[in-house]
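*Asks:* The primary structure of each chain is shown beneath.
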Amino acid sequence: MKKMIDFEILSNEKLNDQNHLLKITPLNHEKLPQIYPGQFVEIYVPNSKSTFLRRPISINFVDESQNTLWLLIQNVGNGTAALCASKIGQKLNIIFPLGNSFTLPDNQNKRTLLVGGGVGIAPMLFLGKVLKNNGFVPEFLLGGRSASDVLQIDEFEKFGKTNITTEDGSLGEKGFVTHHSVLAKQHYDKIYACGPKPMMVAISNYAYVQNIECEVSLENMMACGFGACLCCVEKTIRGNVCVCTEGPVFNIKELTWID
Amino acid sequence: MDRLKVKIGNLELKNPVMTASGTFGYGKEYADFIDLNRLGGIVVKGTTLEARQGNDYPRMAETPSGMLNAVGLQNKGADYFIDHLYPEICDYDTNIIVNVSGSTIDDYVRCAEKLVALDKIPAIELNISCPNVKEGGMSFGISPKAAAEVTKAVRSAYTKTLIVKLSPNVTDITEIARAVEAEGADSVSLVNTFLGMAIDAEKRKPVLSTITGGLSGPCIKPIALRMVWQVFHTVKIPVIGMGGISNWKDAIEFILAGSSAIQVGTYNFVDPTITMKILDGIESYLDRHHIQSINELIGNL
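Order-wise, the sequence lines are chains A and B.
Residue numbers for the first sequence follow this note's numbering, beginning at -19 and rising by one.
Residue numbers for the second sequence follow this note's numbering, beginning at 7 and rising by one.
Okay, chain B solo, but in the shape it has when bound (with noise of 0.2 Å):
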């Protein structure tokens, strides 16, 4: 099995496959359908300091081969998961990453300060580009300064693995991650969603409580490849690939863009055993390729 492993920083996973913050919940809502053992990571809902209600309701909206969301954060704050979720989820055989997400950078901090404490949360995923808050969120993910910023504010706090989250929202996004590269950001997970919209014609009304949202599935897997692709070529720190992965060749075209690892998001609504399939048919190419380790494949185009 060891040639499924991938290493992000200091960090090794059994294999490339891990879930996107936001879509897999803490992970136990998906163990009556995989064996959560399996993966290569789980990236934990989004968390902030304190507890958020998130958005108002409707915060979806379905679309072609996608959808929009405006969850907005809702979560029960670190403490909460600290006491009572980290328990719960913590001796599953995986990677339990946390993504942290704030309004201010001592914000992030203070996060980020709190679990670094948590001996089985070996890394961190720095949300600067959730597009669906009012503060903070993705206004961190779309200024080289104020990504440089946060990322240098938690990395002196934060010992541990520290992944940062880029926003597509962006004109350069390489500008981004070679921002917080210099600031000893130890990977980049690309992308969150795109800032989209959705109109009811009839109602002649935004779909969504908050009228914008953000995109997800596979209608922004090319530009998510091309993205990917991009910052591969441009910093040295590993990159994790995301957007509109629905199956395995979905997430050998991402390993080839130049990802070190995957998250599997949107996708596990439709099917929640995707990844058990994606893992299978990585698997099942590497054999049929002959190709002894999946580190051979990362940006071998």
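Chain A extracted, bound-state conformation (with noise of 0.2 Å):
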């Protein structure tokens, strides 16, 4: 079930000059819901004067034993700028939880990796968690332009082997996430994806090519988050659907890609 309810701001950490991390808790104290990772949320922008729209912004991860949700916001524009610009105790209304989840492979042995460029390794932090509380061993593959944009790389190496690409090669491997050489050296049965577009379809190219299963996460412009507008479409073997409702996870054989 969905809810609109407030929030208050734990911390905001500065990660680099574009991205924030902000970790959240329900104003009441009331328990979080279940989510599932490759949710969002919608949240309303307060001290935006252009911002009309509530902003959607994946969950990074959920700290059940803290009651936090932790977001990880790109300022990328007016909205973003307030709310990476937010001050600890201030309130932020959410809805929540949106969209539907990444799927977990059918057994243990199947080894999956996960892909995140720039902001899009959000998703990719509380989806390793739940693959490795469920007994799989996630790998991650993170890629940015430069050093400073691959972001809560002690995070994600809680939860598995973190394999890093650079464009610049200022760290880890020289070249796009798609070059790295983990990709020729391992066999994958899945893969997860969240990231600029590109980036997207060239991992899901490879992952058709060598017939792996590969999930993606879109990021669709959305009005409303949750279906009333059908605004976020993405072109489909089904034809538009709504990123916000349908996906925004969609398994690669839906979406009209592959080249």
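For the record, the hints were derived by calculation from the structure and aren't laboratory data.
Glycine included, C-beta positions come from ideal geometry on N, C-alpha and C.
There's no promise every hint is true.
Residues on chain B that point at chain A, a partial pick, calculated with CB under 8 Å [stated by the list, open to error]:
| hint | residue |
| --- | --- |
| 1 | Phe30 |
| 2 | Pro64 |
| 3 | Met66 |
| 4 | Pro70 |
| 5 | Asn274 |
| 6 | Ile297 |
| 7 | Asn301 |
| 8 | Leu303 |
List of simulated lysine to any residue pairs, SDA-like, C-alpha gap at most 20 Å [unchecked claim]:
| hint | chain 1 | residue 1 | chain 2 | residue 2 |
| --- | --- | --- | --- | --- |
| 9 | A | Lys(-18) | B | Gly305 |
| 10 | A | Lys(-18) | B | Phe39 |
| 11 | A | Lys29 | B | Thr69 |
| 12 | A | Lys(-18) | B | Asn43 |
| 13 | B | Lys283 | A | Lys215 |
| 14 | A | Lys(-17) | B | Glu302 |
| 15 | A | Lys(-18) | B | Asp41 |
| 16 | A | Lys(-17) | B | Asp41 |
| 17 | A | Lys215 | B | Ile217 |
| 18 | B | Lys11 | B | Glu302 |
| 19 | A | Lys3 | A | Asn(-8) |
| 20 | B | Lys209 | A | Val56 |
| 21 | A | Lys(-18) | B | Ile95 |
| 22 | A | Lys11 | A | Val56 |
| 23 | A | Lys(-18) | B | Ile40 |
| 24 | A | Lys215 | B | Ser215 |
Just a few of them, taken from the derived set where beta-carbon distance is under 7 Å, the chain A residues facing chain B [said to hold, decoys possible]:
| hint | residue |
| --- | --- |
| 25 | Leu198 |
| 26 | Gly207 |
| 27 | Cys211 |
| 28 | Asn220 |
Could you use the hints to bring the two separately framed chains together as a complex?
*Replies:* Take a look at the structure:
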């Protein structure tokens, strides 16, 4: 069941020039509902005159013991700038949990690779935790333009081997995620990806050619986030569907991306 | 609670708070957030005779105090509505009104003929004002002659309450209102979205796949309010007002301008519980001003 409730900001950590990590908890201390990896929230943005609509932000992590949600916010416009500038103790009105989720492989012997590019790493952290808690051995492949773009490496390493690529070679292997040597060395049964569209298209094509199961998380622009406005549609083999309700996670077989 | 009752032709609403087509899905999208039974009415997504895929993505651009959309009437068609959606929503204790659109007069008539058979749909809202489709839609709503023709044709096929939703993209909205009133419309609802445009300066490209789209939200409210006031003073049939309503005060303003009922649209995206807040706000307004019936306020400037 979707809810609209106020959260309180417990911390706001600047991870690099563009990205902040907010940790938030329900203001009235109610227990967080069951949240699945890949789901997102819609945040009402206070203190931003030019921001009318809520901002959809994927759930980076759920810390059940602290009853907190982690949200990774990339400052890309006035709305996200206001969220990045928000203060500890401030209230945030949030609609959640929204969207579908990544699906776990059918048995624990299946090898999984979680690929994140830039701020697209966000849902991979929680997915990694859920996979590990369910007996899988998740492995990560994180990419960015340069070292400072690769976020939360320490957190990822808690849940699995973490491979890194940067376009300028300042951290990990040089190049795009699809060029990382781990893809040649290791067989994976399932790949999960989130990041810039060209990256996800490249991963999708790779997975398709290798006949690897693959799910991607899309971030089409949304107005409502719960299936009422029909603005965030993606073209699928079933026609235009809402990313907010039938996604954000799609099996690549459903999409029309493959070359 | 009788003090909130209003009438739109023969249709009685328990209160004047309705939801605008295209912003409220089929109601059920909001069932987690609000008690749908408290609404005066729900106008469901624009429905066409055949299923439509709508326009390509991107279909939305945020603007200061509003948004542009270019959804283009994506829906699964009248038969799908009747077979699958209607059974799911028809038992809510509110008036479910179907917004009907089409490319030709025949489309509108055939869609209306299918819907007239549904016991729990007491009214349709004829959409002659969608700016986002190439054929039909708004083209019927910007000429008094075309608006009259489609209203006349649907009137002869549809025996229940017929509301006609007007486009603001005209020189004189009162002409259109007069034309549809003369052909038997029971009510007019206004306004649909204003034709607008957004450009991405960095990419030097239009933001929307369709280049232009429909502007909605609080930014259009003053213009919508003016049009409601003009139409109220032109026609005798009840007016349903909408355009940027985002709080109870806006709703009262539209009622004072001449709306017998109001529709809340785009703001549902920002606050899915806003209709309930508006309803509560209207009630406390009536209390504070010792008003016996909301009907005393309609057009009472």
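*Asks:* Any hints from earlier that this structure breaks? Give me their numbers in increasing order, please.
*Replies:* 6, 7, 8, 9, 13, 14, 22, 25
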